[in-house]
Amino acid sequence: MSAKLITRQVGDVTVIDAVGRITLGEGSSVFRETIKDLVSKGNKNILLNLAEVSYIDSSGIGELVSGFTSVSNAGGNLKLLKLTKRIQDLLQITKLYTVFEVFDDEAKALASF
Numbered sequence: 019m020s021a022k023l024i025t026r027q028v029g030d031v032t033v034i035d036a037v038g039r040i041t042l043g044e045g046s047s048v049f050r051e052t053i054k055d056l057v058s059k060g061n062k063n064i065l066l067n068l069a070e071v072s073y074i075d076s077s078g079i080g081e082l083v084s085g086f087t088s089v090s091n092a093g094g095n096l097k098l099l100k101l102t103k104r105i106q107d108l109l110q111i112t113k114l115y116t117v118f119e120v121f122d123d124e125a126k127a128l129a130s131f
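Take the position in the sequence shown, starting the count at 1, then add 18; the result is the number in this note's numbering.
Derived by calculation from the structure, the hints in this document are not laboratory data.
All C-beta atoms, glycine included, are put in the ideal place defined by N, C-alpha and C.
Be a bit skeptical, because a hint or two may be false.
Said to hold, decoys possible - The calculated lysine to any residue pairs, modelled on SDA-like cross-linking and capped at a C-alpha distance of 20 angstroms, are:
#1 Lys59 - Ser47
#2 Lys100 - Ser72
#3 Lys22 - Glu51
#4 Lys100 - Lys59
#5 Lys62 - Val33
As the list claims (entries may be wrong) - Estimated spans, in silico, between C-beta atoms of each pair:
#6 Lys126 - Leu42: 16 to 26 angstroms
#7 Gly60 - Asp107: 14 to 24 angstroms
#8 Ser72 - Gly93: 25 to 35 angstroms
#9 Ile24 - Ser58: 27 to 37 angstroms
#10 Leu114 - Ala69: 11 to 21 angstroms
#11 Asp107 - Lys59: 26 to 36 angstroms
#12 Gly80 - Glu119: 27 to 37 angstroms
#13 Gln27 - Lys126: 16 to 26 angstroms
#14 Ile111 - Asp30: 31 to 41 angstroms
#15 Val28 - Ser58: 12 to 22 angstroms
#16 Gly29 - Ile111: 28 to 38 angstroms
#17 Ser58 - Asp107: 28 to 38 angstroms
Using the sequences provided together with the hints, build the complete structure.
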């Protein structure tokens, strides 16, 4: 199963709840298109909830970085919420943990914008 992304608006923050796998192919392209669409509509504050992501590969990590860059270039912020142990480990191994703001609590994450 590829990623399913559910977007919801909380104040001026767009929360993306990701479910499934973010991998090479459909999973990462859905993610890319969603971010591109949100940025083009002027959504600059994006919180990506990864609590239900069962697997992410290097292509998925690449899409996270690409999304972060797209949002930052538009003058916005992309932050991560509720990383699984596997995703946390991947971000630490790749040194991307220092790039993304990461939160365990949605209320604190929303307040950080």
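- Task: Can you let me know if the beta-carbon spacing of lysine 126 and leucine 42 is within 16 to 26 angstroms?
- Result: The hinted range 16 to 26 angstroms is violated for lysine 126 and leucine 42, with Cβ atoms some 32 angstroms apart.
- Holds or violated: 11 to 21 angstroms for the Cβ distance of leucine 114 and alanine 69? holds, 18 angstroms
- Proposed proximity, serine 72 with lysine 100 (alpha carbon, max 20 angstroms): OK: lysine 100 and serine 72 at ~12 angstroms, within 20 angstroms.
- Given the proposed pairing of lysine 100 with lysine 59, does the C-alpha separation stay at or below 20 angstroms? violated, 26 angstroms
- Is the distance from the Cβ of isoleucine 111 to the Cβ of aspartate 30 consistent with 31 to 41 angstroms? Since the Cβ atoms of isoleucine 111 and aspartate 30 sit about 33 angstroms apart, the hinted range of 31 to 41 angstroms holds.
- Using the C-beta atoms of glycine 60 and aspartate 107, is the stated range 14 to 24 angstroms upheld? Violated, at about 34 angstroms.
- Task: Starting from lysine 62, check that the Cα of valine 33 is at most 20 angstroms away, please.
- Result: holds, 11 angstroms
- Determine whether the Cβ-Cβ distance between isoleucine 24 and serine 58 falls within the hinted range of 27 to 37 angstroms. violated, 19 angstroms
- When you take the CB atoms of serine 72 and glycine 93, is the distance between them in 25 to 35 angstroms? Cβ of serine 72 to Cβ of glycine 93: about 33 angstroms, so the range 25 to 35 angstroms holds.
- Item | Pairwise beta carbon distance, serine 58 to aspartate 107, judged against the given window 28 to 38 angstroms | Given a distance of about 33 angstroms, which is inside 28 to 38 angstroms, the answer is holds.
- Message: Range first: 27 to 37 angstroms. Now tell me if the beta carbons of glycine 80 and glutamate 119 are that far apart.
- Response: violated, 19 angstroms
- Please work out if lysine 59 and serine 47 have their alpha carbons no farther apart than 20 angstroms. Measuring from Cα to Cα gives roughly 18 angstroms; hence the hint holds.
Going down the numbered hints, you'll see the structure goes against 4, 6, 7, 9, 12, while the others check out.
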